Structures are given as structure tokens and as C-alpha cells.
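Number of protein chains: 2
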Amino acid sequence: MDIETTMREIGAQARAASRLTASATTAAKNAALLAIHDELDSSRPALAAANAADLERGRANGLDAALLDRLELNPQRIDAMLEGLQQVAALPDPVGSITDMDNMPSGIQVGKMRVPLGVIGIIYESRPNVTVEAASLCLKSGNATILRGGSEAIESNQAIAACIVRGLATAGLPPSAVQVVATTDRAAVGALITMPEFVDVIVPRGGKGLIERISRDAKVPVIKHLDGVCHVYIDSHADLEQALAIAVNAKTQRYGTCNTMETLLVHEAVAAQVLPLLAEQYVSAGVELRGCEATRKIIPEAVVATAADWAEEYLAPVLAVKVVASLDAALEHIARYGSQHTDAIVTTHHGSAMRFLREVDSSSVMVNTSTRFADGFEYGLGAEIGISTDKLHARGPVGLHGLTSQKYVVLGDGQIRQ
Amino acid sequence: MDIETTMREIGAQARAASRLTASATTAAKNAALLAIHDELDSSRPALAAANAADLERGRANGLDAALLDRLELNPQRIDAMLEGLQQVAALPDPVGSITDMDNMPSGIQVGKMRVPLGVIGIIYESRPNVTVEAASLCLKSGNATILRGGSEAIESNQAIAACIVRGLATAGLPPSAVQVVATTDRAAVGALITMPEFVDVIVPRGGKGLIERISRDAKVPVIKHLDGVCHVYIDSHADLEQALAIAVNAKTQRYGTCNTMETLLVHEAVAAQVLPLLAEQYVSAGVELRGCEATRKIIPEAVVATAADWAEEYLAPVLAVKVVASLDAALEHIARYGSQHTDAIVTTHHGSAMRFLREVDSSSVMVNTSTRFADGFEYGLGAEIGISTDKLHARGPVGLHGLTSQKYVVLGDGQIRQ
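Chains A and B, in that order, are what the protein sequence lines are.
For the first sequence, UniProt numbering begins at 1 and goes up steadily by one.
For the second sequence, UniProt numbering begins at 1 and goes up steadily by one.
Think of the hints as simulated: they come from the structure by calculation, not from any bench.
Check the hints yourself; a few may be wrong.
Copies of the same chain look alike in the list, so a pair counts if it fits in one copy or across any two.
[Claimed, not checked] For lysine to any residue, the following SDA-like pairs were computed, each having C-alpha atoms within a straight-line distance of at most 25 Å:
id : residue 1 : residue 2
1  : K112      : L226
2  : K297      : T99
3  : K112      : Q406
4  : K297      : V287
Predicted, not measured: the structure shown is a model, and the values here were computed from it.
Take these sequences, add in the hints, and give me the full structure.
Set out below in C-alpha cells:
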């Protein structure tokens, strides 16, 4: 059977299952999540064996150390997966909640009911724990899922899939509610993203290249996250102690995350005071500084920043630094070079804070705190399937709500339209 | 200058204007709407002359009577346009409202601010009053707009555009906040829907062919509405007087609208009682009935419905009628043949009502009222740019909120991530 036909069968099964998951009770969905937890827990030896096979093949194929690390399913990571399932089971069920039920002049009542999107396709790389994370969030939000992991993790993912299928069966939910694609054929991705009759939305998780390719070729909506070129702007009216703590935390707390600051903007009125203190901390943390001309007059150890630096997502201990003449110049820089992900201002001035919040067109805008807080858990969503830099539908960290839609519910007692 | 270059210039100007409209005050936006009102009111002779030229050319080109009617801008339609502008000015401004500002364990406060989408492209046919309707809704929601009307209405649309530009100038807003494409070259549409760097979303308004073509070729998200194959299901537990009134109203109140019922489903327990009474009213209203076998046993004047009838949006005095054995059979029929637009149940049974509301996957689900209520004004949105049958972002009637997004707003006083 060719790959196109296989994927269409998977799609048709997912579509059929989605009608059952959409009307599944909260109790049944939670029972499935906890049954999957138990199946994974009792399958640790099988998971370890499958993962060892993936790691061995990966080493033989010359995968680099970072990829091999992401691929590894050690006992701590399995514990984290199990804990994640319990957390998702404990979250409130978003499906079926009715809000804003108001009376209209005609006598009808109009409100909105939260409903699943239907079938969600997830495409991801290396980390096998994503299989459980994504499956659990989609299931809790009443969706059916088709998961397509990386070929390097195929054995691990299939071992996890077997546990998921057994867990679904225990709870009386259809096994095709979560399907993990068993082939490593790349054509499977092409098929998955071009069957709108079976798939309602695609969530790609991985490198920028993967996401760009999927966004370009998909025939269904994509909830995606491209760059995270995040800024912290230290205003002329900043509390300098806060400014130092935030600017250091936003860069150095973790280097490889999308909400890490990549460019620091400093108002010229405070640059001479704040930059030397910051440079000291950055240099001692091993952060390479790339500065504009004004920056390099204050911190000569900074290398020259080129135009490309302002648009770069380093994901590394490198920071671009620019001195700006005004809040307007900072806003202009962010509008021009930012990626509409997360940007923060440090200021004590109310008007500057409000202008920054209103005028910066990013999925998260912050006052006096670190960009590193842009995260589903920190925002109280309880979980996160990713961070969206799109404007339509879900924007910013995407939790269970982002995997649902709302439909209008209209109640009457015989009203007709005049 | 070629059309591609022209459209990219229009796009770049719209993008620049969108930063100004996004931060425009409510007062400035309302002043612009009322200034456009006054400009249109004092330009009635120019509008009439331009429209007469369009009509004359349309007649010479052999446009049919329905198209010529839609093209006509008579004094009553200009009055309606003017009233629409005042209504939109009177609506609450959605931009900048902050909701759900909650405290997180880390000490930060997280909420959501409603913001414009950016640049909205509208593609429509014949009716020149859409130019004003669409421009006013986009402007009030803080977006810049690029409007591409039908070539048959080019003179009327350009006359309206001149009034809009003068009105924007009066209120101190940039003239490129609303741009009406001046060329009738079809390549302009192709360019408009494939420049994601300048356009955030496309709203096509028109026939199914236009919308399908745009959805297929667009490189930006499309808020769209395809079919309206709407159902009314009369349950075995229905109040028959309500059932008759609703089923007649849903079909006959207007034939050409997307929320008109196209298929009537009747539970077999009440079919013999309700169908003859309904048939009498439909026939006297001139509605052609196409029935399943069971229907034709009760109302022999119905012609045979083929499989194609169940999926047909007639937009005409024709109705498909099917007798079903159960609520499950009705749900199954709607899932198979419906277009996820608007479906209603007539029932006195609470459990049946709740199952219908939960399980029918349509943008509007209704109990004991007419599908004709699926409308932005009837839902209290104050205005409507269209009805979306998509699930992502906006679903159902789309008002000002559907033309906006939400971004996360995070307030701290020095918090850093641990």
C-alpha cells in the first residue's frame, strides 16, 4: 500500500475517532490519561530497550551529541512524562463550557460553547517525550491526534504508542484517537499536511527549517512558532537594580529557549551607568557581546554588531546590545527587527510602560519582568503545546484552550425571524 | 509600473498605516467614521454619476438583472451606508481592552489585551456598499484595509474611496489606512493574497467559486464562509406549533441567504402529523419539495430527492425533506451532509436538546428557534463582516472582535525566572 493511501486511512480513522473524543466525558478522558500513565510505568523495560535501539542506530548514523541527548529517554525523563500525564488529568476540561449567554432583543439567548478542533496533526523531531505530551493535551481537549515523530526516534515512539493504545482501550476510548505514524517515509509528512478533509490543524514542533517548510506546503491551518528574537528595553526611568536583574536573567537563565533575550536596548541616558555593570555579569557568565557604536564606547570588549545581528536568534551565549535615543527609537527597532514573540520594558514611568504594552506588536509584552516568563506553565495554562507567533486563533503560549474552538449556542422557545 | 509592484506598494503603505491605526484613539477613529459619513452625504451627486456610469457599462456588457440590482447605489442604499457608519461609530472600541489579569505564583500578573490584526484584505463583488461596510469595521477595529471590489463597480468604488480618504484626512488618520484598489486587472487579487509580509488576513465576500479560488491560492490566512447547508430537525418530542412556525420561517423568510434551511429532518414518530401541515404552507409559498421515500408516502407532491439534494445549498425556494428514525440518525445525517454552518433542533426534551448542542459540529447550533437568526446583528455583535465556517480564529458571525487578536500582557516589579 502506498504511503498516501496509508495516511488517508489514518486520517479517516482519526476523523471518525474525533466524533467520539469530542463527546467523551471528562471522566473517560481522565481515566485514559491515567491508564496511559500506568501502561508507561509498567513498560519501562520495553521503553528502555526501544530507546537503546534508537540511540545505538543514532550513534552509528553519526548523530551529534545534542541530538542524542534529546533522543534519550532516561528514567528521569520517563518520570517527567508520567508526572505530565497526571498534571493534564488534573486540569479543568475546557470542552463544553458555555460562556457569555446573553438575552437578545428578539428573545433568543446567544452564548458560546467551547468545542474541540477535531483532528490535530503534530510533527516533531527527536524528543520522544513529545509523543506523550502532545497526545495528552489533544486528548484532554477532546481532539483526535495524528503524531509524526522523527525517524531517529521511531522505536521509542512506537513503544510509547503501544502504551497509549492500551491506555485508551482501558478507558473505552477508540484506539485511533491517538495514532503514531509507524513509517519513517518522509512522504508521510507531505500527505499529513495536505488532507484538510481529515486534519483540522497542524502543530509543527522543531527547528525553523521544518516549520517554514510545513507552513509553506500545508493545505490546513498551522499553529506555529518561528523566531524568538526577544528584546529587553531599559528605559531612562528604570529602577537600575531591577534592570540589571532582569537583563541578566532574560539572557543567562537559559540560552537555547525561544523566550531568551537576544537583543538588549538601553536608553542613552542610563547607558553609561548600566552597561558596564551588565557587561561585567555577562562576561563572567561567558556571554559574547556585540554592540552598536555607542555601546562599544562604553564597553570596549563588545565586538561590532552588524545589521544581521539585530535580526538574529542566537540561541547561544551571545547578545546584541544597542543604545537608543528614546522610547520611540526602541519601539521602532523592535518593530523592524523583532519577531513578534516576547518583548519587555524596564521602566518606572507609567506612560512609557503603557505605550510599550500597547504599541509593541508581540505575542507577549512585559513590564519590569524577564522575557523568560513567556511560558504556558508560568502563565497558568497548566500545560503548553507550543508558543504561537501567529496572530490568528492562538497567540503566545498555547494550552488546552488553543486546541479548542467556540461555537455559537442559541436557545429559543419558538422565536422566528421577522 | 506592473501590477505586482503596484500591489506591493499598496501593501507597504497599508503596513505602515496599520501601526498608526493600531494606536489611534477611539475618538480619532469615530471622528473619521463620522467625517466619512459627511463626505459621502455631501457627495451624493458624484456617487450617483459614478454609479450611473457603472450601471450603463454593466447593461452594455449584458450583466443580468440580479447583478445590476446589486450594483445599484440608490438614495435608500446610500442612506443605509450612512446609517451603518453611525452605528459602527457608536459601537464600543474593542482595541486595548485588557481581560483576565490574574496573579501567578511567581508574582507576575498575566492578562490579555485585545489588539488589531494589522492589515486586512477584502475581496468582494458587485455591491459597492460593501466598500463602506468593510472599511468602517476594519477602521474601528484598528486595522488598515486594502479593498478590492468587482470591476463592474469600479467607478462607484473609486467615488466612495475619494470620500473615505477625505474623511480620514479630516480626522488626522493616514489616507492609506483604507485603500481601494483602482485597477480592474485580475492579477491584483493574485498579488493581494500572496504577500504575507504586508497582509495579515484576507476576507473574501462573494460566490463560492471566488472563495474557493482565494482559499486555494492564498499565502495568508483566510476568514471565509463556504456553503450554508443548514438543517432544522423536528424531534419526536417537539411542540408542533413551534415546529411549524420555525420550519416555515427558516425556509421562507428569505431564500438567498446562507442561514436559510436547505434540508428539513423530521422524526418518524411525528412525520405523519407535521409534514402535511408543513407541505401546505410550503406549497402555498411556492417552495418545491424534494423528499426521501418515507416523505413521499406522506406528501406525494414531493419529487424524489437524490443523494445530491442532501448536500445542496439551493439558495432558492426548494427544500429537501427527510424522515429519520431517531435523533442519532439526524445527527449522523447532519455530520455527513451538513456544511458546519447553522443547524437547529425543535424539541421539548432536555436531553435531546443538550445532545444536539454538544454533538452538532457547526458554527451555530440552535434549540427551538429559526436558523435565520445566525447573524451578527441578531447575535448582538452590532455589525458583521461575514459568517465564518472555519473553526480556527473566528467561527460563525464575525464582528469587530473577529477582526482583532489578543496578546499576553505581563506586569511585574522586578520578578526574574528561577
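Outcome of the hint check:
no. : hint           : in the structure
1   : K112 with L226 : between (31 Å within a copy, 21 Å between copies)
2   : K297 with T99  : neither (57 Å within a copy, 44 Å between copies)
3   : K112 with Q406 : both (6 Å within a copy, 18 Å between copies)
4   : K297 with V287 : within (18 Å within a copy, 83 Å between copies)
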